[in-house]
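Residue numbers (full-length UniProt numbering), protein chains in the order written: chain A, 1 to 385; chain B, 1 to 412; chain C, 1 to 309.
Please note that a few of the clues may not be correct.
What the hints assert, rightly or not - Below are the DMTMM-like pairs computed for lysine to aspartate or glutamate, each with C-alpha atoms no more than 25 Å apart in a straight line:
(1) LYS228(A) - ASP251(C)
(2) LYS363(A) - ASP251(C)
(3) LYS353(A) - GLU265(C)
(4) LYS353(A) - ASP239(C)
(5) LYS363(A) - ASP241(C)
Note that these hints are calculated values from the structure, not bench results.
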Amino acid sequence: MASTQHALLSPAELAYLHASLSLTPPIRPDGRAANQFRPLAAETGILPGTNGSARICFADGTEAIVGVKAEVERTRRGDGGREDGVEYVSSRLEGDFVEGVSSGEGAIAAVDEADRVGESEWVELSVEIPGARDDDAGTVFLAAMLAEALLAGGEFAKKLWINRRFHWKLYLDILLISPPLSYPLPLLSLTTHLALLATRLPRLKSEGDEDPFFDDDWAAAPYLYARKDGKATARPPVSLLVMAVGNNIIFDPSKEELAVADVALAVSVGEETATTTAAEADEAQQQQQPLGRNLRLLSVRTIDPPSRLTPPGVPNATNSAYGAATTQKQPEARAAESEAVEGVWKAPRGGAKALVMAALVQKALMRGGVADEVLDALDAVDLVA
Amino acid sequence: MKFPLGSSSLNWMYGRGRQSAAIRNLETHNPTSTSHPESDSDLLHTADSYSSIMAIPSLSFSRPTFAKLSPHPYLLTNLSPQSPSTKPSRTNGRAPHEARPVQIHTSSLSHAHGSALVRSGNTTVVCGVRAEILPVTNIPQYRPRSSLQPSTTASDEAADRAELKAYDLLVPNIELATGCAPQFLPGVPPSTLAQTLSTRVYSLLHSCGVVDPKSLRIWHDPSAEAKKTTGEGDASMQDDNDDDESEAEPPQLMAYWVLYIDLLFVSFDGNPFDAAWTAVMAALRDTKLPEARWDPDREMAICSRTRKNPLDVSRGGLPVACTAAVFQEKEYAEAGGLAGENRHWVLLDPDRLEESLCRETVTMVVDCGGVGGETRIRSIEKQGGTVIGRELMRGFAGVAEKRWREVRDAMQ
Amino acid sequence: MTDRRRVNGPVGSTNPPVFEDEPEQEFGAQKGIRTRTPTATRKMYLKTGVTPSASGSAYLEIEASRKGAVSGLKLSCTVHGPRSLPRSTPFSPHIILSTHVKYAPFATKQRRGYIRDPTERDLGSHLETALRGAIIADRWPKSGVDIIISIVEGDHDRETSKSQGGEAWDMMNALSGCITVASAALADAGIDCVDTVAGGVAALVRDEGDDTTPRIVIDPIPSEHEQILAACCVAYLPDRDEITNLWFKGDLPASDMELYSQLVEKGIQASRNSNEVIVNSLLISTREQQPHERHDGTTRMHIAFNLQR
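Just chain A, with the same shape it has in the complex (with noise of 0.2 Å):
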């Protein structure tokens, strides 16, 4: 897999790298803070050719660009793979709106916001690691995990509804243009999260039913994520990498870092439009505050750390060269195996505590949190689309 691509590091310099990470605070080889992300350079609409475009440069010498590209397509109901909703697709084309086959009940109401239906197959997202096959496992993995919070929901697939018949079919190409130094999810997903804040779509000039056509000024295209003041309301979402190496929780851990991790979660946090009550409003006001996010959690997935791949380390108690007996397999030699010893580096065996995935978690979303300060580092980014 290529989150468990190894790291060149000796049992002495991961149990270095893992007892300098386990300090408070902990010092991580580059000098960054617990909750710090690499600096990064970022610019949108470097592709003419698409509907958004965004690219991102790591300080590591990471690189990705993103492109999204749009394009009609007919909706197609009631054959290839439905086994239901035949009846539903006749009525509606007669005209009839009859509503909600698909929970089993029908209603008669008029085509709203609520009506519109995503799939997730109007989305297709592709990932590209140089040196890896595209149906490498670790590539899937990847390009799972991104689909996943974007589709989370079904909110997004939304957007991409014309009208009854058509809908937009979004290409998401993902590629990763310098070697994979570290572990690519979060400048991925940051750069999928610029291009698709940067995505414009021709603006809609036919109505109703009929087949869709679309104002060819570009000035005039609205942004795929609805905009006020030159602010987005709602967001795509970013997946965070977070890592835990002792009683420590590290963000944005590179490749060296990943290695000793005790337990890695990729953590995809949504921005929904705010939908605070006045009395909430009047709350912050007072105390205030100003008003948060409205974060939403899509999804967590648990990353095979590479750490557990490292080769372990010998104690000297066992070590030949240090004149420990070199006599054949002693009965103690299993049950020395699995106590530790102090500056021996081994790798992590077994899982991690529910308690500790869940404060991972909770530190990436937390109010003022790594997923806060994120949101608003990209909030200053330029959209050029």
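On the provided structure of chain A, position chains B and C as indicated by the hints.
Just chains B and C now, with coordinates in the frame of chain A:
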């Protein structure tokens, strides 16, 4: 699994150099092995050729170890017992002409239109039949059929078969790479064995005419359709059918059902073809296709959720495959050597170990369910070797008949 | 490009049958409503040793909730190894795990292809993460083990439409089953693990009816609920009280961490239930294996032998 030394152990004298490397390795595992008693009859006639026999400690192995280390002599010893009182038997405890009992469960899968699980000893195979609709407009070289008339003449029947084959309406595929045995690991394209098996099932399905193409056709009857719109019930429509036929448009064939027959080996212990074929037959007999009508407005076939018709497989009878392998005394007998010098055994329903040791196999597909219980041979396949001749084949038909009855009983 | 190594069937494309929605009312009546308590898992049947030629194997079946409508999950798992790696592989201080999950072509509502699709690969990598935490990998340097799961029948509802996103949630149930069956097969193969890992699923669901508050159920069946808001699948080691794999998916307000923690807690509870099934099944199989002759079945063990050709 280790057997106690002495009575139940297999004592293996240290013999040829070919195996010596393996044996030396094993010696360290068996430091306590005792030397072989001299009174043993087996030892006597070989003792002179190994003068220093007593100096070499003998070894004892558990049966599985023995089978793994030198399978051919192991099976041979089992088949040719020293004392005449014991009957020859195979390593799996069966007599040479004894097949493993067959168990069949049908309708266990809910997403398939027909399914069967067949277990024969340690060979387990699951078969699922999945029907999909192929509109005739999707067939590149489609020749329309003119009439609805039932095909009674022989030429019609031949045409039916040609139709089944020309449009490829039966799609059997066998998946062996499921880890069902150590040599079948997934992630690789279908092995030669899997391809051979699929092709054999495919050709047997066609040559036996198992599936009646009539039950795979989806018709469009404009006259019936017209009547339906005028509000007449189904029953009356069928009564009136004869009267209206002259004036109404003739029914048209609009689509076919395609049967995807997929076989998945859960466990593999030899004789895959018999198990696979039994599973295919059981699954096809279990298959029920939903009633379909052609909707001209939508240009697609619409199926009924409630009404289902069993697939017609009666015409092909019940062909049952029966496979045997020929085990020869000399592992590498020269080609052209007289068969008489080389003892052989015909092992019915071979398991994995036996299959690996036999080069000659024969498969006979018989059907004893015909009129008057007459046995009909539907197919004979023989590969490799020269042992089985006319006489043996004749005798084998009797064995196959017995097997047919066993399988038929299991199916019912 | 057609695959010449398989029987491909007709050149033209075929369509799965399309049903008319006539039995509307019957359909509505059939629509499942969860009858189990929120904390009850469906019945499970687990048996080890179904594939004798493999180092270890297990078969798991989860009972179907309603006759004819929802199929139960049926999984077969084989473990091959530990065995030595090919010479070309670089040195590994640990056992190399390779997981392979494949749906049978007839396992789901739609016919599956023969080549693994991204869903199956994704399931494979989740499974790998779940098992790697449980296996004591450093006991077998330079070796590999293959874990192969065939999903003979998926946990799919036949009637629910895709718009409900049922398939995505079904994947969680499939993964949980995969983890449980693989754990049993690993134990059957005698591969050392820190603990028997087992999978469990919990979901935050909203039931039919107006404005019911969402509740958490374990071992959810998507068709039994109006909407699934979030679900999580955990692979849990009960003795160590540790999670080796956690997969959460859904849409939860970030401010309500309590809800998330409860969901994981229920997932652990579901996993404990599965674990009991594993332990029972292993106990039964070890008891069965007591007499040595079990695999043999023969009485003639009195065979003297010499190498004579």
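Right, here's what the structure says about each hint:
1. Restraint check for LYS228(A) and ASP251(C): satisfied, since their Cα atoms lie roughly 24 Å apart, inside the 25 Å limit.
2. Annotation: proposed proximity of LYS363(A) to ASP251(C) holds, straight-line Cα distance about 18 Å (limit 25 Å).
3. Taking the CA atoms of LYS353(A) and GLU265(C), the gap is about 11 Å. The hint holds against a cut of 25 Å.
4. With a CA separation close to 12 Å, the supplied pair LYS353(A) and ASP239(C) stays within the 25 Å bound.
5. For the hint linking LYS363(A) to ASP241(C), the alpha-carbon distance of about 22 Å falls within 25 Å, and the restraint holds.
Of the hints listed earlier, there is not a single one the structure fails to meet.
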